[in-house]
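For the record, the sequence lines run as chains A and B. Just so we're aligned: the first sequence equals residues 875 to 1220 in the numbering used here. Just so we're aligned: the second sequence equals residues 826 to 1153 in the numbering used here.
Check before you lean on any hint, since a few could be wrong.
[Unchecked claim] Computed Cβ-Cβ distance ranges for the label pairs, DEER-style:
hint, chain 1, residue 1, chain 2, residue 2, range
1, A, 1077, B, 1139, 34 to 40 Å
2, A, 1087, B, 1070, 55 to 61 Å
3, B, 924, A, 941, 34 to 40 Å
4, B, 1079, A, 1080, 34 to 40 Å
5, B, 931, A, 1050, 56 to 62 Å
6, A, 1076, B, 877, 55 to 61 Å
7, B, 1079, A, 988, 25 to 31 Å
8, A, 1047, B, 938, 47 to 53 Å
Hints are computed from structural coordinates only; laboratory data are not their basis. Given the structure is predicted, the values throughout are model-derived calculations rather than measurements. All residues carry an ideal CB built from backbone N, CA and C; glycine is no exception.
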Amino acid sequence: MTTGTTTSAHPQSPGIATRTSSSKSIPGLARSLLAQREWGVAVLLALTVTAVAIVNPAFLQPANLRDVLVNNAPFAIIAAGVTFVIVTAEIDISVGSLAGLLSAVMGLLTSRDYAHLNVALACLIVLAIGTFVGAINGVLVAYCRVPSIIVTLGMLTALRGATELLMAGKWIQNLPDSLRFLGTGSIAGVPVSILTAAALIIASMILATRTPLGRRIYAVGSNVHAARLAGLSPRRIKLFVFTFTGFLVGVATLVGVTKFSTIDPAIGKNWELFVVTAVVVGGASISGGKGTIIGTVLGVLLLGIVGTVLTFLKLGDRLTYWERAIQGAFILLAVLADHLGGKREK
Amino acid sequence: MTDASDDTLAAPRRRFLENGFLFWHEFVLVALLAGLLIYAARVEPVFTRTKTQLNLSTHIWELAILALPMTLIIITSGIDLSVGSTMALCAVVLGMSFRAGTPIALACVFAAITGLGCGVLNGIFIACVRVHPLIVTLATLSAYRGLAEGISHGEAISRFPPAFTQISGNLAGLPIPGLLFALFALVTAIALGKTPTGRAIYAMGFNETACRFSGIATNKIKLILYTLAGLAASLTAILFAARRNTANAAVGDGMELDVITAVVLGGTSIFGGRGRVIGTILGVLLIHETREFVSWHWQNDVLIQVVVGVLLILSVLLNTLLTPRGRE
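Bound-form chain A, shown alone:
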């Protein structure tokens, strides 16, 4: 119920998206600097990294930084899709369960203990199932008018059950090396998962800011009635964002889960919470129309380094238990900062 004044996500977005009265008096660049959460998150991230680096310089070792990026690459990929979903004022909380289901499918198809299918074919099947489930979400939300929180909550439960049925409580082992390469291998010294994440993030940024489709996504999220009157089809655009998210979950599964030598039935649990949290910390508004890919990536990194930071601060093993408390506090701080900065959502 909070469709109030929503600030435009990027300076050149169409008139539908800009509804703040002050926006005309301040030049575009300055406004985008002030209005965006990205800078706050970037500063917080920089401060955290600097503080940890001072306490324990080992944090800045390339191997450690690479680990942080590899661990967060799948989340960044999924979060890019969820950003688009949240920009259209919908939500997708089924991504974690979908990743779990796709992991199980991937394992069952490729493992030497099970189907032992051709890896390329198996990857295609995983991507196809991911896209298909995303499309089901999209059809139910856009064409059947079921609220997205209900659709994806139902999917969250149903897909988790399907995963457990498929895996029957066992772990899947003996994944072929060519599949493991996606998660553990490197091309020219850069891990495959980081390369994939970077490529998809850049593609998503181009989609968001440089294509008509991107503009339309923001327009639908800012004001669905105006978008419809302007001749856009909110249904098709919503179907697209959910399908795209399903596809990205497939990619994230391929490059993220394959770094483990076994697939356990709990993979993907609570991913949706982490991803939605990161997107919101990155500045996207749950009431739609606002949010950027770069903000989301910064949000993923900020929440994702909490665990590593706690380890490197060497304040004792027991401190790592506080990871989730600190992640939760980050969101509350972010929304409180918005409130104090006078940017009420209502």
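Could you slot chain B onto chain A? The hints should help.
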């Protein structure tokens, strides 16, 4: 998530259709429940005996008690994702203070105060800072569970005194948590259906701005509702600890989704303005009976997740297909 403020013109017509449908929704739930129980009685006669049902009912009360404040919150078009985490934090506070030598009664009071605090914090962020409930409670879902993990270091506390574990036992042949639930359900139903506050709760779900302009203290109502949810979570934490004789940071994991599923299955609209206590009770019962029957008959409770998920989507799909367009 959506703005319902601009389609109030069609309200009388829609309200008629929705009210008509609301009864129908509950009728469908009763029919499904009856169908399930008749089938169960034929295949597994022992399952439908009163004694079996009473024994199995120990699993239902925590879900049922949490579903009551959640119904009210969802009717105001809010949501509370933090109930499971609040349960965990309360259980850990209960356990840790008991282990530190506090009398168990006082430990329960501490747990209740913790639940109250958690609810008030949610309420303040939602009502006063005016952040979307989904965001606030998503944050506190992590934060409260994190606090529970931090305080307990992931350890479990057990060996509570027998006087405490009897809370989850029977009184005159009836389960004490069930009696508590019946009392709360009655109070909630009366408050929602027969008091001005109840009308205000429905009205807030339809159009909050109009409510504020009509002089309804929407902030106060929100603060109270989220506080009640926190208190209910602390009560369920105490009941859980008594039933299982253990308290740890994993208590209530995923509980929020079960509760929301039950409430929405019971016919409460996620957009607010619509819902009833009786529907919620039927939703809880339907999920409970399906779950127990499947694990009784097939010794397999995995399939049921698929069924519950699909049931949830289908029930709301039916709901939206039968109501006229609008509210987008």
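Hints, verified against the model:
no.: 1; hint: A/1077 <-> B/1139: 34 to 40 Å; in the structure: holds (35 Å)
no.: 2; hint: A/1087 <-> B/1070: 55 to 61 Å; in the structure: holds (57 Å)
no.: 3; hint: B/924 <-> A/941: 34 to 40 Å; in the structure: holds (37 Å)
no.: 4; hint: B/1079 <-> A/1080: 34 to 40 Å; in the structure: holds (37 Å)
no.: 5; hint: B/931 <-> A/1050: 56 to 62 Å; in the structure: holds (59 Å)
no.: 6; hint: A/1076 <-> B/877: 55 to 61 Å; in the structure: holds (60 Å)
no.: 7; hint: B/1079 <-> A/988: 25 to 31 Å; in the structure: holds (28 Å)
no.: 8; hint: A/1047 <-> B/938: 47 to 53 Å; in the structure: holds (48 Å)
The structure agrees with every numbered hint stated previously.
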